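Visitor: Just need the whole structure built from these sequences, with the hints factored in.
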Amino acid sequence: MRRLASTTLIGACAVGLLLAACGSDDGGGGNGGNGAAGGAGGSTAGNAGEGGSAGNTTAGNGGAGAVGGSAGTGAVGGAAGNAGAGGTGGAANVLPRASRSSTVALTSDDATVVMANQDCGGISIFDTSNNTLRASVPTGGEPSSVVIHPNDTSVFVANRADATVVRVDGIDGSSPSAGTPVAVGSEPTGLALSPTGKLLFVAEHAEGSIAVIDTSTMQVVDRITGVDTPYALAVTNDLDNDDSDELLVVPEFFGESIGVEGTDESRQGRVRFFNVSDLTASGQDVVFQPVDSGFEPKSTPGAGTAMTSPNQLGSVNIQGDKLYITSISVSPNGPPTSNGNVQPVIYSANISDRTVDTNHTVNLARAVKTDAGSDPIFFLADIVDVDFIAPDVAYVASRGADVIQRVGFGPSVTVGHPNGVRQMDVLQAPPTGPGGCKNPTGIVAGHASPKAWVNCWVSRSLGVMDFTTQTLAATVKSCDLPTNPNEQKVEEGKRFFFTGRARWSDSAWSSCSSCHPGGLSDNVVWRFAAGPRKSVSLAGSYSHGPGANQKQRIFNHTAVFDEMHDFNANTVGVQGGAGAIQEPDTGAGATDCSGALKPTALGDGVKGVNGKPAKEFQDAAENCGTKDFDAIEAWAKQIRPPSGRKLLDSAAVARGAVLFGEFIEGTNSNGGCVSCHGGPGWTVSRRFYTPSTATNTALGTSVFTAPPAWPATWTDHSGDFQLSTQNAASDSVAGAQGPNHVACVIRKVGTFGVPGNVTATDEVEVRANGTRAQGRGGYNIPSLYGLSVGAPFFHHGGAKDLEEMFTGTTWEAHYRAVNAAFLTGTNAAQDREDLIQFLLSIDSSTTEQPIPFGFDGCPTAF
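So that you can map any letter, position 597 of the sequence shown is 596 in numbering that gives the first Met the number 0, and since no number is skipped, the others follow by simple counting.
Hints are computed from structural coordinates only; laboratory data are not their basis. Owing to the predicted nature of the structure, the values given are computational and were not obtained by experimental measurement. Please note that a few of the clues may not be correct.
Stated by the list, open to error - FRET-style restraints, in silico, Cβ to Cβ:
id, residue 1, residue 2, range
1, A711, N667, 19 to 27 Å
2, N274, R96, 16 to 24 Å
3, S717, Q283, 52 to 60 Å
4, S717, G824, 32 to 40 Å
5, P433, A302, 40 to 48 Å
What the hints assert, rightly or not - Below, computed lysine-lysine pairings styled on DSS-like, alpha-carbon distance capped at 25 Å:
id, residue 1, residue 2
6, K636, K611
7, K645, K799
8, K611, K626
We put the CB at the ideal spot given by N, CA and C, even for glycine.
Guide: Structure below.
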């Protein structure tokens, strides 16, 4: 009887599959076939009919088997049971796991990989059966995230520079096609789909919101607002066809300021939850607190291990009820040192009760140090993505170390594979392909295949990981590398900026990008030798407005660096690397560059009398002439400033632009902000000389005289030399406050410490060595690029947002530095809002306002 029923069931399954095959790619599964008849009764009741079989996508509802036949009597069998009713149609296609943001995605059958090509303006589509490039599709500027629809034939692409989302159909064939771009908010960085693929969520990083797109119409149908810098997204998935019971998970990229800026416990991480059904907030947030790094900083022996705070929450993965989020966590207390700055921490939490899973929250550098076995050990600089092959086995992509790290999340966290492979160094060239994998930015693990695929960003290739051997098995070219020498130089500079390998850090613990994600700012206040200093966005190092001549700003908050090469000191002193500017180990003047080279930090950046600038030192033949910082400079010059917000009130922006403009007493009520923030790059700070021993020596004896147009309170340096130390302040120890700075770009506008609060000032204005910070005499004027992703503000992070900066009396010396009556009167609230809207709109396309006559304090040239 059971054999007959099974045979009949096979036929029913065939019917179900056939019906499903007739549906559309986006439709439900076919109706299940009729159940088999129940077997004839023997001495017991007949068997009930089997349920209908599944459709070909997800299961149809089983057919209800009828009650079995009656019991037989004597030798006469009972009547056969009635056949089960046919199953209802299968559910619509559903993703096999929780959707999440990444730069690489995989179809559910493991047959097709799609990779975002950030530098080539499109996507590459690969056939995994033979590791070949199937097709390339242009989508827009800086593709940043890709997710594949449950139909396995469509992919959605976020284009960060263009602020668009594009749907590409036909990815399973040789001729995929891109649809019309959908405009979204500024800087879209992450995508995630609801399980059925009906809704697409877009992280509008600079907008502070999440767009909701109906994928059937490709229209923005709603928006979640009030989220600080969303970056990566994920959506829960209980594997049914009901999206309404799912949650959208949104980590905020930057940690929230708590406590005293510049301390190791000054940040906490926040994860928000929203109901997919109605987009409302769902329950309490998950809040990650600082954790023990497990490392005693080399710069403070005997002081104990440092705490490290969550920041740059750049990817999120859901496994059942668990969240796993990558972080480049920070320990800014200083003095800066390689093992006490940033840490690769994975934070874990329980979704159901929103509690932090402390057992699975781990500093991977600490785990690697403890468990990684024999050298070489890479400390996993800049972990940026994580995926799982099982609920408790993950693989983490380290962009700065060129490593894929296996992590076990069992009863305790372990690293490495039982076969003895502790780390997978993907920089080493695999058996096939164009070479190793430089700077992996995304990883996706197979659903059934023991493999993963990696976006090798800088090498512009797809990496194929073989988990059975724990190796990089192959790489496949995704798009062409540049052939133009100037473009090649930029590409080299990008590599140097984003790597922690070789000379660039101590065992791949950090990179330049660790504190400057994408060349911008991590928004953390670090305690450096000069005092508390928020990381400066390199997008403002050079102007990006119209015109052929690109202006360079003097660097750092107190204008202590005047060329990009000065940051070699950070490579050595902060990252623990050997540095890119080196000299022979055999002594000064030696010309043998074939042997070991010794690190050359070069000390203070701005050289005074008889000082040799860093680039001049680099270019000297006796110092081996490495030109790596020339390449970094070339790359830094083309960093794209973040786009201004796009969802602003255009009328308010226009009014704010007027208020920003020149103040003419008795004529208008403008703020005169342009007096300091006018000109190319939205700052009057500019380098008016080419550093050299002769020029810097002359500047070290040339007197700076403040222009007559300046208010007397703006500078303490009139009469000082152009390159000089800062005069002693009344509240500091006797003597000038080094290091040297460029006097003419400094403005004193009430941003030292916290005006009117001696206690708060004493807490925050502290150098790494514990003494009073430099800066009482003023600061170098910053660029205004990227304010929407730049909070908190000022050198010490004293203003948590623009509203706080322009409200109340604390910072009024700053916003009334030109017009003492600015933002007063009956229109103050509206004027404040208009000004803020204008500031949030500024990017490289915004018309720059010229500096009013007499307010540029530096010579035209020297």
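Visitor: Each hint needs a verdict: does it hold in this structure or not?
Guide: The hints, checked one at a time:
1. For A711 paired with N667, a C-beta distance near 23 Å keeps the hint of 19 to 27 Å intact.
2. At about 20 Å, the CB distance of N274 to R96 agrees with the hint of 16 to 24 Å.
3. With their beta carbons about 55 Å apart, S717 and Q283 fall inside the hinted range of 52 to 60 Å.
4. Distance hint check for S717 and G824: the Cβ-Cβ separation is about 33 Å, which falls inside the suggested range of 32 to 40 Å.
5. Distance hint check for P433 and A302: the Cβ-Cβ separation is about 47 Å, which falls inside the suggested range of 40 to 48 Å.
6. Our distance criterion of 25 Å between C-alpha atoms is met by K636 and K611, whose separation comes to about 23 Å.
7. Note on K645 and K799: the hinted pairing holds, with a Cα-Cα distance of about 22 Å set against a maximum of 25 Å.
8. Of the pairs offered as hints, the one joining K611 and K626 holds, with about 17 Å between alpha carbons and a cut-off of 25 Å not exceeded.
Comparing the model with each earlier hint shows no violations; every hint is respected.
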